[in-house]
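A.B. asks: One-letter residues, chain by chain:
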Amino acid sequence: MVCAIAFGTVKIMPGDMWNSLVHYFRGEGSANIYEGVFIEIRLPRVLLCALTGAVLSVSGVLMQGLFRNPIVEPGLVGTSSGAAFGAAIVFVIAEKFPPEVKSMMGPFLMPVMAFLGGLTATFLVYSLARNSGRASVMSILLVGIAVNAVCLSGIGFMSYIARDPQARSITFFSLGYLSGASWLQVKILLAVAAIMFTITLSYSKQLNALLLGEEEAAYLGVDTNKLKRRILILNTAMVAVATAFVGVISFVGLIVPHVLRLLIGSDNKKLLPAAILMGGALLTLADLAARLVLAPAELPIGVVTSLVGAPVFIFLLKQFNILQQKGGGNA
Amino acid sequence: MLSTRDIQFQIGKKTILKGISIDFLPGEFAMILGPNGSGKSSFLKIFSGQTDVYNGSVQYDNTPLKNISKEKLAKFRAVMSQQPELNFPLSVGEVVMMGRYPHFDFTPTKNDHHICNEVMNQMNLHGFKDRNYITLSGGEKQRVQYARVLAQIWESPANGCRYLFLDEPLNNLDINYQQQFLQLAKIFKSHNTVLIAVMHDINLALQHADKLIFLKDGELVVAGPPAEVVNEQLIEHVFGVKSTIIENPLTRQPLLIFE
Chain A
1 MVCAIAFGTV KIMPGDMWNS LVHYFRGEGS ANIYEGVFIE IRLPRVLLCA
51 LTGAVLSVSG VLMQGLFRNP IVEPGLVGTS SGAAFGAAIV FVIAEKFPPE
101 VKSMMGPFLM PVMAFLGGLT ATFLVYSLAR NSGRASVMSI LLVGIAVNAV
151 CLSGIGFMSY IARDPQARSI TFFSLGYLSG ASWLQVKILL AVAAIMFTIT
201 LSYSKQLNAL LLGEEEAAYL GVDTNKLKRR ILILNTAMVA VATAFVGVIS
251 FVGLIVPHVL RLLIGSDNKK LLPAAILMGG ALLTLADLAA RLVLAPAELP
301 IGVVTSLVGA PVFIFLLKQF NILQQKGGGN A
Chain B
332 MLSTRDIQFQ IGKKTILKGI SIDFLPGEFA MILGPNGSGK SSFLKIFSGQ
382 TDVYNGSVQY DNTPLKNISK EKLAKFRAVM SQQPELNFPL SVGEVVMMGR
432 YPHFDFTPTK NDHHICNEVM NQMNLHGFKD RNYITLSGGE KQRVQYARVL
482 AQIWESPANG CRYLFLDEPL NNLDINYQQQ FLQLAKIFKS HNTVLIAVMH
532 DINLALQHAD KLIFLKDGEL VVAGPPAEVV NEQLIEHVFG VKSTIIENPL
582 TRQPLLIFE
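Taken in order, these protein sequences are the chains called A and B. Take 1 as the starting number for the first sequence in my numbering and just add one per residue. Take 332 as the starting number for the second sequence in my numbering and just add one per residue.
If we strip away everything but chain A, and leave its shape as in the complex, we get (with noise of 0.2 Å):
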């Protein structure tokens, strides 16, 4: 029953938000151009948006999973701010390449640079935190606490030696940056995020045997190091091209995985679905958001995101707290 209220609300979402989208434009919009702007800016800006609010659910899913931690999200290992770093470099050398080479390069150096810098990102936190062949969660947090500040740092200097109109870039990218959606990016994420959902399905039983503790799960016949490889790599290809598309945009691979466990349970057959429904729902609503606010002028999405965001994972902090001491207590 839960579950098909989740499943309900988030199929309908979409649906109301695209009407509201059209009524919104047809009121403001002229009328000959409203059309162009429909196909060419807002309709691949809303796709890009909910492809990302999918795939970092997904992502946020697959790491709380790897770390049998339900308060993981996925830039915790460094991913999206490697990604960040990466693409913050890029904006501040690309300056200076000549304009053959850029033009050549344009779309591509930026998304690959971020690329890269996620999965850079990425090992070394979990390289680092490896201590005689196993990384305790613990110990992954604390160095990606310390790699995601290594990144930050570097983004600020990065900024700090651009010309304005890169450090502002910068700024953007950092708190997620939709409004250079194009219909090439919609393409590259929707391929990627195709194939990954895929995989990560297809997972989804090993994932459950996880969630006991990798050693119940090789018991059941999961080979739980390459399985554990495997998701780091997922995650660390969904976020990092998403990241490269729209930038950092936090909280929403925390929260929507948390809430739809809280709704329909861990169970990763349902959870995996549901999270690619209700992420690339939520995240959709979340930049509707950012749009009117301050409309004609429109804000960060991810200045929204936390916003909204870091409150309810406060509060989601708090009840897990509960429930570890109830777990501890009887254990």
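I should point out that these hints are in silico values taken from the structure, not numbers from a laboratory. Don't take each hint at face value.
As the list claims (entries may be wrong) - Computed list of chain B residues with no C-beta within reach of chain A, every gap over 12 Å:
| # | residue |
| --- | --- |
| 1 | Glu416 |
| 2 | Glu425 |
| 3 | Met429 |
| 4 | Asp461 |
| 5 | Gly491 |
To be verified - List time: in silico EDC-like cross-link candidates among lysine to aspartate or glutamate, alpha-carbon distance up to 16 Å:
| # | chain 1 | residue 1 | chain 2 | residue 2 |
| --- | --- | --- | --- | --- |
| 6 | B | Lys441 | B | Glu486 |
| 7 | A | Lys269 | B | Asp436 |
| 8 | B | Lys376 | A | Glu298 |
| 9 | A | Lys226 | B | Glu402 |
| 10 | B | Lys401 | A | Glu214 |
The structure displayed is predicted, hence computed values, not measured ones. Every residue, glycine too, gets a C-beta built ideally from N, C-alpha and C.
Put chain B on the given structure of chain A with help from the hints.
C.D. replies: Using the frame of chain A, we list chain B on its own:
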């Protein structure tokens, strides 16, 4: 049959197991006893396939363990470890169904559902199916974990034995559930199952084991039927505790009492 030959195991420079060779036969309840740090749990981790880094050989029905894939092994070998931790909201039914994971690809079959229901009935868990696992008491959680482990090997494989390994299985259970669980384990035993438990309570072991294995400092001290191997000298040698054996007035079986 499970055979271990000359199992040696080290962590860093410390030698945990110093060459252990034992055969475990289907139809006998074998219990491993020994003081803390004697290598009981390491031994279980090795012959259950959790650890690959050891010397010596483990054979399941004459097939070396190293030649059996994890996926295949999980179809006929189940292990209950000490305290599985599960911090996520899952229903009891979902947790028990995990035991059937080695047997289906994506969707459980009718048979898988049937087995889960049957195991839950056996473990007095009917009515628990939709309860949230994390809200259960310690003992209830343990019964759910048992149901999961038993569901994994509920059916005998077409050929060869089933293997059920238990690491201190009775820790959180009340006496009535301890007895009930041991009875259930004995039913498994009589259906071509190699049954091995690491135990803490010597008297429960005396009462229920067909074969006792005493380990001390990573070495096998003695293995055999309780009546033949257990005496006051052995207990003092292995545990360093003085004891005396009396007859349990209720069961007429030997009962150890300690100073």
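A.B. asks: Verify that the Cβ of Asp461(B) lies farther than 12 Å from every Cβ atom of chain A, and report whether the claim holds or is violated.
C.D. replies: Nearest chain A Cβ is 10 Å from Asp461(B), so the label is violated.
A.B. asks: Measure nothing beyond the straight line between the CA atoms of Lys269(A) and Asp436(B); if it is 16 Å or shorter, mark the hint as holding.
C.D. replies: Roughly 12 Å between the alpha carbons, so the hint for Lys269(A) and Asp436(B) holds.
A.B. asks: Confirm or reject the statement that Gly491(B) sits farther than 12 Å, beta carbon to beta carbon, from all of chain A.
C.D. replies: 16 Å, holds
A.B. asks: Within a Cα-Cα threshold of 16 Å, do Lys376(B) and Glu298(A) meet the stated pairing?
C.D. replies: With Cα atoms ~58 Å apart, Lys376(B) and Glu298(A) exceed 16 Å; violated.
A.B. asks: Just to be careful, I want the Cα atoms of Lys226(A) and Glu402(B) compared with a cutoff of 16 Å; is the pair within it?
C.D. replies: 13 Å, holds
A.B. asks: Under the criterion that the straight-line Cα-Cα distance not exceed 16 Å, is the pair Lys441(B), Glu486(B) satisfied?
C.D. replies: 14 Å, holds
A.B. asks: May I ask you to check that Met429(B) keeps its beta-carbon over 12 Å from the closest beta-carbon of chain A?
C.D. replies: 6 Å, violated
A.B. asks: Going straight from one Cα to the other, do Lys401(B) and Glu214(A) come out at no more than 16 Å?
C.D. replies: 13 Å, holds
A.B. asks: Is it the case that Glu416(B) keeps its Cβ farther than 12 Å from each residue Cβ in chain A?
C.D. replies: 6 Å, violated
A.B. asks: Is it correct that the beta-carbon of Glu425(B) has no partner in chain A closer than or equal to 12 Å?
C.D. replies: Given that some Cβ of chain A is not farther than 12 Å from that of Glu425(B), nearest at about 5 Å, it is violated.
Going down the numbered hints, you'll see the structure goes against 1, 2, 3, 4 and 8, while the others check out.
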